[in-house]
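Chains A, B, C and D, in that order, give the protein sequences.
Note that the first sequence covers residues 1 to 468 in the working numbering.
Note that the second sequence covers residues 1001 to 1468 in the working numbering.
Note that the third sequence covers residues 2001 to 2445 in the working numbering.
Note that the fourth sequence covers residues 3001 to 3445 in the working numbering.
If you are wondering where the hints come from, they were derived from the structure by calculation, not from laboratory data.
All values derive from a computational prediction rather than experimental measurement.
All C-beta atoms in this analysis are idealised placements derived from N, C-alpha and C, irrespective of residue type, glycine included.
This list has only true hints and no planted wrong ones.
Residues of chain C placed beyond 12 Å of chain A at every Cβ, according to the derived structure: (1) I2023; (2) L2034; (3) Y2098; (4) T2115; (5) S2146; (6) D2217; (7) E2301; (8) R2363; (9) P2368; (10) E2392; (11) R2410; (12) P2413.
Some residues of chain D that are not near chain C, with every Cβ distance over 10 Å (derived): (13) D3021; (14) K3060; (15) K3281; (16) R3293; (17) K3396; (18) G3401; (19) L3443.
One side only, chain C facing chain A, incomplete, derived with CB under 8 Å: (20) E2049; (21) A2081; (22) S2089.
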Amino acid sequence: MSIIFQQSVAGRKGVSLPECDVPFHHTINSKYLRSKDPELCELSELQVIRHFTALSRKNYGVDTNFYPLGSCTMKYNPKVNEKIASMDGFASLHPLLPQLVRGGMLTQGALAVVFELERILCEITGMDAFTAHPMAGAHGELTGMMIIAAYHKDKGNLKTEVLIPDEAHGTNPSSASIAGFQVTSIPTNENGILDIAALEAAISEKTAAIMLTNPNTLGLFNPLIQKVADIAHKYDAQLYYDGANLNAIMGKFRPGDAHFDVMHVNLHKTFSTPHGGGGPGAGPVGVKKHLEQFLPVSRIVKRSDGTYALNYDFPKSIGYIAPFYGNFGICLRAYAYILTMGAAGLTRVSENAVLNANYVMHSLKDFYDVPYLKTCMHECVLSAKKQLENGVHAIDIAKSLIDRGIHPPTVYFPLIVKEAMMVEPTETESKETLDQFIDAMKEIALLAQNDPQSLHNAPISTPVGRLD
Amino acid sequence: MSIIFQQSVAGRKGVSLPECDVPFHHTINSKYLRSKDPELCELSELQVIRHFTALSRKNYGVDTNFYPLGSCTMKYNPKVNEKIASMDGFASLHPLLPQLVRGGMLTQGALAVVFELERILCEITGMDAFTAHPMAGAHGELTGMMIIAAYHKDKGNLKTEVLIPDEAHGTNPSSASIAGFQVTSIPTNENGILDIAALEAAISEKTAAIMLTNPNTLGLFNPLIQKVADIAHKYDAQLYYDGANLNAIMGKFRPGDAHFDVMHVNLHKTFSTPHGGGGPGAGPVGVKKHLEQFLPVSRIVKRSDGTYALNYDFPKSIGYIAPFYGNFGICLRAYAYILTMGAAGLTRVSENAVLNANYVMHSLKDFYDVPYLKTCMHECVLSAKKQLENGVHAIDIAKSLIDRGIHPPTVYFPLIVKEAMMVEPTETESKETLDQFIDAMKEIALLAQNDPQSLHNAPISTPVGRLD
Amino acid sequence: MSYIANTDQQRSEMLKVCGVDSIDKLFSDIPESLRPKSFNLPEGKSEFELTSYFEKLAKKNYSHLINFVGGGFYDHFIPAAIDSLVSRSEFFTAYTPYQPELSQGTLQAIYEYQTDICRLTGLEVSNASLYDGGTALYEACQMAISTTGKRKIIVDGGVNPIYRKMLRSYTANLSIELVEIPVFHGQSNRDSLFSSFDEKTAAVILQNPNFFGVIDDHSDIVQKAHSFGMLAVQSVYPIAISILKSPAEQGFDIATGEGQSLGIPLSFGGPYLGFMAASKKLSRKMPGRIVARTVDTVGKEGFVLSLQAREQHIRREKATSNICSNEALCALRAHIYMSLLGREGIKQVASLCVDKAHYAKERIKAIPGVKVMESSPTFNEFTIKLPVDAGECVGKMIDYGFAAGFPLGRYYPDMDNYLLIAVTEKRTKYEIGLLAETLEAVLCQ
Amino acid sequence: MSYIANTDQQRSEMLKVCGVDSIDKLFSDIPESLRPKSFNLPEGKSEFELTSYFEKLAKKNYSHLINFVGGGFYDHFIPAAIDSLVSRSEFFTAYTPYQPELSQGTLQAIYEYQTDICRLTGLEVSNASLYDGGTALYEACQMAISTTGKRKIIVDGGVNPIYRKMLRSYTANLSIELVEIPVFHGQSNRDSLFSSFDEKTAAVILQNPNFFGVIDDHSDIVQKAHSFGMLAVQSVYPIAISILKSPAEQGFDIATGEGQSLGIPLSFGGPYLGFMAASKKLSRKMPGRIVARTVDTVGKEGFVLSLQAREQHIRREKATSNICSNEALCALRAHIYMSLLGREGIKQVASLCVDKAHYAKERIKAIPGVKVMESSPTFNEFTIKLPVDAGECVGKMIDYGFAAGFPLGRYYPDMDNYLLIAVTEKRTKYEIGLLAETLEAVLCQ
Ligand SMILES: Cc1ncc(COP(=O)(O)O)c(C=O)c1O
Ligand SMILES: Cc1ncc(COP(=O)(O)O)c(C=O)c1O
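Pulled out of the complex, with its shape left as it was, chain A reads as follows:
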């Protein structure tokens, strides 16, 4: 398919604009003008429609088929939430309106959405206060680290370092580092959970925070999490919860109850907002009482008369981390999702997500190496170790799944598992779909023994083959 610019023909336009209706033409002094037009393409509306329709057909989404991308929680994105987000009262609302004098009354519906979402996230996670501002998970991590830095600064603590398990997602060390901390990696033990002894050896007065996800990226829940919290708090280190894996534990475990101090949630994972081919997402951050004063401004408050208002008066706040109130359109969808679910629905979500993952793991354990063979949570990590003996890598298996109409799991992550394949089925998948995946994986395992070359050639059914 040709690049859009190659289709351009001088003189075409894909949209009609109104004639100028004011009796006035203003000429900007040419010294401010560019010498040459930006060479945007020149196409008819139909050409644009065809180009992007054709591009879309070279893509694969949750609506196409099974998408068990580990750590990404590719669940169904309800269509009604798109409809809600496109309601004019939300989509056309200028974010500066509530900052006008008397402007608060202009946006009560939108402020209610953000306030109520933050309140509900507190209940789901056991935290005391939330901010909806962070615009993705990693942005939440950074915000959390900035809050932690502000806390220590305020207390006069001299903290320079953050401890992070070796299995952690790359954003964790990166966020800590960008917030100005040194990062120390803590090993995972033979059971696939944090090595407590190593943690105890590494922690010190310099330690600003420990950053964790639980279940971790191996899909395993750390039952000793209370212990970890105790160790952290002994040194006044703050315990950070990466909420990317929240889909495993709703109604079963709340980070706040286990004494985590800060956390983020990925609304585009657990709370079903569509991932958009890479974003936008939203990564609201929750904190315990002692950190609330450091949350970014603005914050939304509910007044005694039931109205909502912006409040900027938090002198210890870390300040602005987003231009406004976060990725409002995403928060709106997530709020709609939570209201659809209710407490019982969210609990069923986690129960079914965990059951689906265990079902996949148990169905495949005789065909693939399972590095930590025990009950997993919402995802399971397999390894292509056995297949590697025949020269078949995780990537070959991934590409072979593509030819069977299935999106591959996350491969080569977590880094600590050789030839890792991280399968997260999510709760919205049916047993029939899981069986389709399981059968494909079994068939591939067999081919890995009998005809490994056929797997190296995959994919053959896609618009392009393996790319450099």
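Fit chains B, C and D with the ligands to the given chain A structure using the hints.
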């Protein structure tokens, strides 16, 4: 792909409904109840989404690529018109509201749309009055025939027969017949237009109407149309214009000016409303003054205060032919399209439609037989006569185009051309796209000589091969 | 804007290929004397102006009244998934599936839709859709006439008056005798019906629930009709028959209906969906397209338009019907609706309608001076008698934000004080309560 | 509703495979003591209830005021084709294109989007998007710091105060020195800027048009900055630079900006689009994803994520940025917008904005007591001085249906009487006239 019912699993549901909020449960006497549930399928919302998303990907639309289906005017369907049709004030409006006492004021916007569309169609076609009620082209034909029958009845004429050229679309004779008339076919002459001598021989006092399209289905304009009108009117036969080919002549010719008495337009052709895989369309009918009193009721009138109202008081009306005011959603889109275009835009539409067709014809005339080689209007008819010598039929050419990513033209119509291929490019196609088609057609013509078998095997790129 | 892609330069290149030097030359077959006498239209609008214009028009429509108007066209809930699927352009910008290899999506969907309709009605064959419930009923009459060779049709007075008017129009010129048998206490009048049946009658046309919202078991009528060699046709409300006795269970030969309630917006009267199902022996009399399963050259399953020899593009004046473009996208909507709701969901909708309508009945019954017509069982719509003109009363209720029902006087001259009230699953207890309170207040004025 | 497909029976079959007899067993790793202390949420809503609830909330927002508020976020017209394309579920339900063979649609679109941004800014490399214009500006600071090894940043006072606040937050703990140089009569103050530059400075940050709507040619400032080995960064309004001197033409090393004006709804502040372009030599310092063209095993062209060694999932704590999920779908919207408008269309939007804004200026200038700040040229936004507090005045204008502008006192303590007025192509002559009339009337009260 499996049938949706095969995916059904007992106990699933794809949508959530509200709990019953009234303190009341009513049990219908079991003698009125069915003994067995209708076996609709039981699926999750995600399953339904995937099923229909996958089905859509086995389809081809104007948004996919070139769609030169002759007689169908597969032009671009502007997206803004879809947005307008989905506005709540239109989409959620109950059609009985204006029939309530004081209800007229409740639907002024909708009544305005229909009234103004009818008025504008009069101007475009040169007719005196329009009704938006008919729900497709063929429905318009039937309505027109019913109006003609009512007219003759009212005058005491004893008319039993309708004359229709042999190249006409199948709906013409069928509509005339369903309206109670006998149909006599009039031959086409060697120039591809109506044989006037044959018409004069066939017409008689029994003749209720002559049904024509101009340009006809060969894409040729009959310059003697005035003569035909004169012949018809000598016998008080009404001249019916099938407006399916209106895309050729806007701003250039108005059936009303050439003394046509009744006509329909296909909003889903000339006026860009999407065809929906077979419908819905809309086929408004226009008439001259002397037939206005026979138009179906209701009719919309504009009162002197500028408001719109329904009027049922037309004692000679043929009555109700639709439950309400026609396919309102389609009329709305067509009205939006016409407002976008204006007179200049519509004229350019026809000019470019005709140019595109002639360009295709001239580019292919050395490769395919052109049964009537002269300037065509918005479509041209080719024949696979030459290719047939090598055993290659129009259908082989059609299926071979499919493998080249292009929708075939209409084949085997009009019936009077052997191995007909009727190409209607429409004005929204670019020269580049036409060239892509022309090149494919040339390549196929070459293969018809060198490797006819390869064409018999087509298509090979589709989800299924040639079907029985 | 005219959505035209070609530039002036391209046009002149193309003209050269055509061997002419101007576009005007291409129109030289049109005599000068026949050039348009006028061609005055409003000037073209940009997309922004267009949208603003229609936003203003849309706001002039009172689509947000609390709606108790039905009359065969209902304000049911439409799941968002339907819009998101039918807006896939491969569906909505395609033509009729003449090239099956490029149209398996539409074809399979229509095939499945036909199956839905068969399962709902209990009958064996269905088609790809007709224009609306009224024309579907007319097509059923034609089927009966052509099957029996007789030209008299008995129409029950409970059939939607709009459809009865349509039947009158369509048959006016065809020497078909239409006999309407008025209802008795809102129900089909067996005595009058039976005495109208004879050997010259092609069919009896009934409706369930009928226009007054009344449900019935027409088995006895069908049996009687069959004894005269007549066919029996029932027009049905598809949501209702998910729980009510199916046309097949009552012995009907043909079922038709309006499919609007199946996920299709009210949209001021259209596009809607005429559906039809019939017993197998009538399949060659069916109007419109029918999709069937078949196999390709290597035996792979696929779907095609079948029995095309009935259709106008092949049979011309001898076709069973003249229908060509139908309501395919509406049929797709209905199929998606039935697939989402499914076996349980559609019954749940029906039962919510029944419960809420009967709650409304109870509330309204309590209003002094108002009488609820209770001699016959009803589904989600029912008739009440007011102490005043129902039209006037509904007119007053508009000011309170209600479309309170449909005054029957409009179609039944002796029923000026009667009001038809429809209650769908969208009406809340609160809204029903408000209706009752407001009606009482308005009647006291 | 929980969108769960499996039935109780399927669940028990699956539990059997897992070798446990209840779902609870799967959660046995979570100690009883850590089970939720509470989990109280509102009860789940059906789709109909949900939609009704949000319709009510949406109506509480005054999105229909006639809008003259800008401040970096503009009410531009959005063609309908954009929504219809981005709602293709293959785009919006996909994850980040980690499997390129299944993601050529997203990848090619992003590649093309990057090309748009390069052509618009005149710079050589761009990325797949950043969160918003503010974080993009911060990322640019980080690039400058890491490229130059210096830790002082000069920020022009014309940079959006929201972004300046964001820079403050992000750098608070990083021993980076942020120096803000106030504007002089609404324009970059060359003297103060130049005297702040030194060998220890990493970069100067400018904005065009600046927050007061003023346009400038920053070439001289860039030249000076380069003479100190500094980088120069410009934050730009993409519609404006379709006609204004591009960042590259002024010599900037990095351009960033907020892409909201390119077809992205205002949506109460997000999701928006941070874009960035830079000169080639900075490509390895770029934050975020970059898509590049490559070939497959048989030489066929395709698109992939490239230079991933900069990114956090490979480099972890040594990555150039921590960004992972970005604003891909917003980038797609922007790309479709730019493709529809095209070379001519985007200039036409810019020129409509300029003409209408200047017409508004003329009209407002004529109001007694109002002063338009005219010392510097402007694009589509301009500053006026009122005889009263601008906040109060805007507050009063709300009752007349206007969001009349943004009172500068909110961010500039000494500018309480100043109002910033934005005019896009959507504002008609009539609306501008009404604004002027109403402002005059309100000032007379
Ligand atoms: C465990 C984990 N943490 C953090 C992130 C980062 O989230 P985001 O992509 O929203 O920035 C991810 C995303 O994949 C993740 O899986
Ligand atoms: C020439 C002609 N007349 C009539 C019709 C019938 O129109 P419709 O399909 O809208 O009923 C068609 C449709 O193809 C046609 O091409």
